[in-house]
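Residue numbers (this note's numbering), protein chains in the order written: chain W, 202 to 433; chain D, 15 to 233; chain H, 19 to 228.
Hint data in this document are derived by calculation from the structure and do not stem from the laboratory.
To give an idea of the interface, some chain H residues facing chain W are shown, with a C-beta separation under 10 Å as derived from the structure:
#, residue
1, F33
2, R35
3, S74
4, T76
Listed next, the in silico PhoX-like pairs over lysine-lysine satisfying Cα-Cα at most 20 Å (straight line):
#, chain 1, residue 1, chain 2, residue 2
5, W, K430, H, K40
6, W, K274, W, K420
7, W, K427, W, K344
8, H, K139, H, K170
9, W, K274, W, K344
10, W, K430, W, K344
11, H, K200, H, K132
12, W, K427, W, K275
13, D, K22, H, K122
14, W, K430, W, K275
15, W, K275, H, K40
16, H, K40, H, K224
17, H, K188, H, K200
18, W, K425, W, K275
19, H, K139, H, K200
20, H, K200, H, K170
21, W, K430, H, K227
22, W, K344, D, K232
23, D, K232, W, K275
24, W, K430, W, K420
25, H, K170, H, K190
26, D, K232, W, K270
27, W, K274, D, K232
We put the CB at the ideal spot given by N, CA and C, even for glycine.
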Amino acid sequence: MIWKILLFLIISFVSIAGIAFPIVENPIYWYQFPLIPGLEENAKIIFFHVPTAWITVIAFLMSTIYSIKYLRKKNLLDDSKAYTAAQLGMVFCILATVTGAVWSKFAWGAFWSWDPRQTSIFALMLIYGAYFALRSAIEQEEKRAALSAVYSIIAFVTVPFFIFIMPRIMKGLHPGSADDVSSGPVVDFHMNANMLLIFYLSLAGFSLLYYWMWQIGYKSHWIKEKFNKQLI
Amino acid sequence: MQSYWLYKKDLASEIRTRYAINSLAMFILVTISVILFSIGSETISDYLSGGLFWVVIFFTAMSGLSRAFVSEEERGTALTLQLIASPTTVFSGKLLFNIILVFSMNIVVAFLYNILFESFVIKSHLLFYTGFILGNIGIAISSTIIASIIAKAGSKGTLYPVLSFPILLPLILILIELTKMSMDGTKFEEGIVELSVLLSYNVIMISASYLLFDFIWKD
Amino acid sequence: MSNFSLNVVGLTKIFGRRLIFKNINLSFNAHEIVGISGPNGSGKSTLVKILAGLLSPTQGNVEHLFNGKKVEMENLHNHVGFVSPYLVLYDEFSAQENIHFFSKIRGINLDQEKLDSLFTKFGLYERKNDLLKTYSSGMKQRVKFIFSMIHKPVIVILDEPTENLDVEGKEKVYEIISELGKQCLILIASNEESDLAICSRIINLKEYKN
Chain W
202 MIWKILLFLI
212 ISFVSIAGIA
222 FPIVENPIYW
232 YQFPLIPGLE
242 ENAKIIFFHV
252 PTAWITVIAF
262 LMSTIYSIKY
272 LRKKNLLDDS
282 KAYTAAQLGM
292 VFCILATVTG
302 AVWSKFAWGA
312 FWSWDPRQTS
322 IFALMLIYGA
332 YFALRSAIEQ
342 EEKRAALSAV
352 YSIIAFVTVP
362 FFIFIMPRIM
372 KGLHPGSADD
382 VSSGPVVDFH
392 MNANMLLIFY
402 LSLAGFSLLY
412 YWMWQIGYKS
422 HWIKEKFNKQ
432 LI
Chain D
15 MQSYWLYKKD
25 LASEIRTRYA
35 INSLAMFILV
45 TISVILFSIG
55 SETISDYLSG
65 GLFWVVIFFT
75 AMSGLSRAFV
85 SEEERGTALT
95 LQLIASPTTV
105 FSGKLLFNII
115 LVFSMNIVVA
125 FLYNILFESF
135 VIKSHLLFYT
145 GFILGNIGIA
155 ISSTIIASII
165 AKAGSKGTLY
175 PVLSFPILLP
185 LILILIELTK
195 MSMDGTKFEE
205 GIVELSVLLS
215 YNVIMISASY
225 LLFDFIWKD
Chain H
19 MSNFSLNVVG
29 LTKIFGRRLI
39 FKNINLSFNA
49 HEIVGISGPN
59 GSGKSTLVKI
69 LAGLLSPTQG
79 NVEHLFNGKK
89 VEMENLHNHV
99 GFVSPYLVLY
109 DEFSAQENIH
119 FFSKIRGINL
129 DQEKLDSLFT
139 KFGLYERKND
149 LLKTYSSGMK
159 QRVKFIFSMI
169 HKPVIVILDE
179 PTENLDVEGK
189 EKVYEIISEL
199 GKQCLILIAS
209 NEESDLAICS
219 RIINLKEYKN
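Construct all of the structure, not just a fragment, from the sequences and the given hints.
Structural data, given as structure tokens:
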């Protein structure tokens, strides 16, 4: 119970601080953020966009890990876990895409411009979509679990190409891209201590939130499956 | 050697039934003519024709490459294959068959493309052909493993491109990039990064496929 | 001749929500002809598929011991002969081509003399070069028998072996089974009285329901 209240406080604080704290050129007070050239006011999206994108990747990773576990042990509970992680991953993937697109409208002038990062997150969304399409096409539980586990592992091995390699060989606009000189690696150099603190708090808060949702999700999925078994 | 004979069996069967070859050939014709019709008398940019080249190849691949596994599953001969060969042999044989199919199909596409599209001019041949060969192998590997999943999933046609596209996307993006580079006349040495990405994609996909095929193949 | 044995320990198979059979413990030796009976839907085919390594069990182990050594799953297919109604051969090839490709894919040299004698025995010699799609179902069943024993397996699994066969075909099959039974283990999954009559012992799957 305690950690749920804590989580509520963290998320509330991050939401208020992230939106309301002003950005000034030379921060003096603890509640002021520094100005990052090239990002300006838009920089605030970092508190919400980066954690959602981070969780998209974490959820995908967890889904893959539980898929591997399923293939080794053939325990359907692992399949429930992998499936729930993928479901949440899809939700956060959409959130990351939308927040990214909103930011991109103000920073680059268009909602979508096929930047390598946008391409990658789009591909991730396609992978999740394909995963759900595959699952809904198979009736038999074990077969569904095994085939979708195999698919998510195969999809997972292509992810490094999107996340690490594509942005480096294709020209990109995204902060942190290979040819981005103005706002460089945002996290390392341009954020001051309080901004970093809120950023990491937000990251932790969102991760906790995800973990909580995931636990409820897989348990309810598991109970539903069990219930179905008893009915027939 | 055993997988080579499985490939021979598939080839002999293909020559008798001509199922994949016919649909592939028709698909190449249809996609290329649709592109030609939609272009009309306008001239399109070099880069666009280079990109469309891989679009044709992707959709052609999606029309015929699932045949290798789907036909076995549809006719019920998958069980027979399980009885005479180990999973590794089956995958190697099917992969070999698909590689040959992809190469013959893409050589036809490249040939037609060269004749029909004036803006499709390759300046650095070595770069393009190396990318073309590596890319074809990559397409064959990914589409073979996805075909085996599709065959077992029981819903054949529509899911295949849906499942394959995200897996093939990095490959196709790099291939489009390489095609642009070779149209610009980039030196072979400057394309090494892209080529090594292609190579690592192939290596990663083939090892993942061999590791996972057992789980797909056995019910 | 060959020293082969098959051990089944605690075998359980559950399909989705349905228990097929539970806790089967058996052991078989070479030179045995064993019948597996049970009403329709009792899991005869599932059991023989698991024994042939085509399906994995939900729980339990199947051990194929060949001269005291465990046969690897990877190589098991070359020691097993299998006949069943759901086994399908390639329609676009002739019987001869089917067997030829199968042997090559197994990595074994085809013994053409033995094959011809088998064709003659089953009355298919004249038609061995016709495409399989022109065959009747009984003739296809005979080809399946040839397919199941041309690679000299140590265990032959026959699922409803005499389905689609005429009286003459059945007699030939029984003759061959008793001949084969001297060299290897034969499992017959069937409900036909006459099939079970040639078995030295019979396992009833009804006993493994719960």
